[in-house]
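*Asks:* Residues per chain, in single letters:
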Amino acid sequence: EAQVTQNPRYLITVTGKKLTVTCSQNMNHEYMSWYRQDPGLGLRQIYYSMNVEVTDKGDVPEGYKVSRKEKRNFPLILESPSPNQTSLYFCASSRRLGYEQYFGPGTRLTVT
Amino acid sequence: GESVGLHLPTLSVQEGDNSIINCAYSNSASDYFIWYKQESGKGPQFIIDIRSNMDKRQGQRVTVLLNKTVKHLSLQIAATQPGDSAVYFCAENPNTGGFKTIFGAGTRLFVKA
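Protein chains in written order, with this note's numbering: chain A, 1 to 112; chain B, 1 to 113.
So that you can see chain B by itself, here it is in the shape it has in the complex:
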């Protein structure tokens, strides 16, 4: 598969445990945040998003927490499964300086069976 990052922070968890992946975002004016999952050889896939008027949002087995005070975003995966092994990216849409999308560097998650 394609190499998506050779020097990424790595998180290794046991199957069935909960995973927490963290992201520090760059722009205090950002109003929309997204988590993507990228498996080897594929493009990123949407997992969950959150807008700046919320501090928590839950999906199926995933929860995103937003702390605007310290510009921090986290992704929690409950009961982590081998299929969750991938690289996870946070992204933000700053509402200043144009209409860009800014991605974090990514975290590689390994799930041990």
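Just chain A, with the same shape it has in the complex:
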């Protein structure tokens, strides 16, 4: 089944404790992206990747890092999480830019 998977689905952590949210797709897609979703603000793009080893900032990259060492994986790293990063996070992939994106199920992150 073609899908985007994210782990974990739910995470509660404390300020400053490094964490990684994994994202994997099995569709051989080139374009991958991370979004955060907050009430009243819709989805805002954090980082995207056009292909392996090619990443760039979206609209809200501060406090986040990404890597794209393999085509299927695009982890999101929070080196020192803060409470303002409490949000619902989605990973997505598409064949390439200019095509529909397939979204993962979301990761609910709470930073206390």
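Treat the hints as calculated values from the structure; they're not laboratory data.
No false leads were slipped in.
DEER-style ranges, computed between Cβ atoms:
id, chain 1, residue 1, chain 2, residue 2, range
1, B, Asn95, A, Lys71, 19 to 29 angstroms
2, A, Glu62, B, Gly41, 19 to 29 angstroms
3, A, Arg95, B, Gly41, 21 to 31 angstroms
4, A, Pro61, B, Ala78, 31 to 41 angstroms
5, A, Arg96, B, Ser26, 20 to 30 angstroms
6, A, Thr15, B, Ala78, 48 to 58 angstroms
7, B, Ser74, A, Pro83, 35 to 45 angstroms
Partner residues aside, some chain A positions facing chain B, computed with beta carbon under 8 angstroms:
id, residue
8, Ser33
9, Gly40
10, Gly42
11, Leu43
12, Tyr48
13, Met50
14, Asp56
15, Asp59
16, Leu97
17, Gly98
18, Glu100
19, Phe103
20, Pro105
21, Gly106
Values in this document were obtained by computation on a predicted structure and should not be read as measured data.
Note that the Cβ used here is the ideal one computed from N, Cα and C, for glycine as well.
Mind docking chain B on chain A? Use the hints.
*Replies:* Relative to chain A, chain B alone:
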């Protein structure tokens, strides 16, 4: 389910009526537009897309209209059903300033049985 937006514009329609959801996009250089549907507790799902060289595209029960003059996009849902209740987002790919995807704030659709 997950809260996807507490202060969204809301459209309430009667089952069987047609729905029209509107979106004003931000970048006149955008060349690709998409509508997504998000149900409670799930990630967004693709509904229909349109490229800037078109002004109308039809799918099954859905039609997207693009007006580049006023930077406006609309989604029409024919014979709206209870299963259409969700939050709807438009998104655009500007072809300047990188390769981003920009989402609108969303509209919540309620379908009354």
